[in-house]
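Asks: Each chain, written out:
Protein chains: 2
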Amino acid sequence: MNISQTPVVASNANPVAPIARVFDNDRSSAAYRLRIALRLKRLDPRRDHVVIHGAAATHREPAYAGINPQRLVPAIELADGTVLTQTLAIIEYLDELVPAPPLLPTSAVARAAARSVALAVACDIHPFGTPRVGLYLGEAAGLSPDAVRDWTRHWIREGLDSLDRLLAIHRKGRYAIDDAPGIADIFLAPQALVAERQGFDLGQWPILAEVVASLRLLPAFSETVPA
Amino acid sequence: MNISQTPVVASNANPVAPIARVFDNDRSSAAYRLRIALRLKRLDPRRDHVVIHGAAATHREPAYAGINPQRLVPAIELADGTVLTQTLAIIEYLDELVPAPPLLPTSAVARAAARSVALAVACDIHPFGTPRVGLYLGEAAGLSPDAVRDWTRHWIREGLDSLDRLLAIHRKGRYAIDDAPGIADIFLAPQALVAERQGFDLGQWPILAEVVASLRLLPAFSETVPA
Chain D
1 MNISQTPVVA SNANPVAPIA RVFDNDRSSA AYRLRIALRL KRLDPRRDHV
51 VIHGAAATHR EPAYAGINPQ RLVPAIELAD GTVLTQTLAI IEYLDELVPA
101 PPLLPTSAVA RAAARSVALA VACDIHPFGT PRVGLYLGEA AGLSPDAVRD
151 WTRHWIREGL DSLDRLLAIH RKGRYAIDDA PGIADIFLAP QALVAERQGF
201 DLGQWPILAE VVASLRLLPA FSETVPA
Chain P
228 MNISQTPVVA SNANPVAPIA RVFDNDRSSA AYRLRIALRL KRLDPRRDHV
278 VIHGAAATHR EPAYAGINPQ RLVPAIELAD GTVLTQTLAI IEYLDELVPA
328 PPLLPTSAVA RAAARSVALA VACDIHPFGT PRVGLYLGEA AGLSPDAVRD
378 WTRHWIREGL DSLDRLLAIH RKGRYAIDDA PGIADIFLAP QALVAERQGF
428 DLGQWPILAE VVASLRLLPA FSETVPA
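Residue numbers (our numbering), protein chains in the order written: chain D, 1 to 227; chain P, 228 to 454.
Same shape as in the complex, but just chain D:
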């Protein structure tokens, strides 16, 4: 990789540094969000940054704690060595680094709506289904595998019920918010895939199912799915 080939830095009062390394994991639905965002921005790992895959970017590799104290993926390392963590923070940074196409709507209210959909996934559904939570409930709390599965499914069902109603309020186009795929979609599609893999039929959430069907026609979403 040649850092000098990274995309041109936005020239404004707030200089942003290019991404040098992306810490990814094929099995992570959070890492899937960032893969979608990088594709939407037309960044290419063969040209624009190095991708660190798999165990080297997870809690299974202790040295990773020196990169991300939370030992979660995704994370990015900038050309100056700064590491940024938390998917939404990374994607907002990416949106400043590479302004086109924008991942946030132009109106302030629609931006808030888009962020609220992303956060309803990131804060109120996703955390409950992560491997570390399943491990705690099974090992430390002594729940049976069936009880852990019930727990995971409970938060998906409750969360997607709410999300479908949020979309009914905020959706003004083909995708979650408007006719451009953006941060709401980037969080929605990976969570919908997790729901399907947990045995849910998306048809019970009609608006969400329609949005997800539209998103799956886009290579940025279909060619980056987790293993």
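A couple of the hints might just be wrong.
[Said to hold, decoys possible] If we take Cβ atoms under 8 Å as the criterion, some of the chain P residues that face chain D in the derived model are:
1) Pro296
2) Gln313
3) Ala349
4) Asp351
5) Leu370
6) Arg392
Calculated directly from the structure, the hints in this document are not laboratory data.
Where a beta carbon is used, it is the ideal one built from N, C-alpha and C, also for glycine.
Starting from the known structure of chain D, fit chain P onto it as the hints suggest.
Replies: Here is chain P on its own, set in the frame of chain D:
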């Protein structure tokens, strides 16, 4: 309340609407975040918006689902009737509505750092300690009160361990990121208070303890604490 007395709307290409109503709850640490943000922006509920308190803004009042499908606090209603949910989305909107003092740093990297601290709280600590989660674990999963308490304390300990290391990386001033209180602080201080109420001594996280001590000297943080 007189809507015409609300702060002047930012005049740029992205018009923002003033806040008409704030759905608050004295017992919620998420609502505490928004109370801090409103105070930092020098908005005053006696002049700038109506505050809907308590049960009328929670899942205990079924009609609230018509305001916020997630039935969580906080939420805000704009002058045109639009409801915005999710604390971080609301606070980013507020930062666009009332630009001074800014709640995000001026450099893109510092903005990402601030958002990552806020999200590490919002996604990886706070969700596990909410009442609805305690209720599920106690009633549906059959965990004892002690096991629920162990669960809550586990995620606080692990989360604040990581946060203290994140602050070591990103902190460049008196508060979480720099010398201006902002979104990282707005998420950090309420979580620190929850930790203390769960019996933790903040001294085990020295950087976090120092930031929180500085924040508690500010009326925006000290005069808005939950019951």
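Asks: Hints first: check each against the structure and report whether it holds.
Replies: So, going through the hints one by one against the coordinates:
1. Pro296: Holds: closest Cβ of chain D sits about 4 Å from P:Pro296, inside 8 Å.
2. Gln313: holds, 4 Å
3. Ala349: holds, 5 Å
4. Asp351: holds, 7 Å
5. Leu370: holds, 6 Å
6. Arg392: Holds. Min distance 4 Å.
When each numbered hint is compared with the structure, no violation occurs for any of them.
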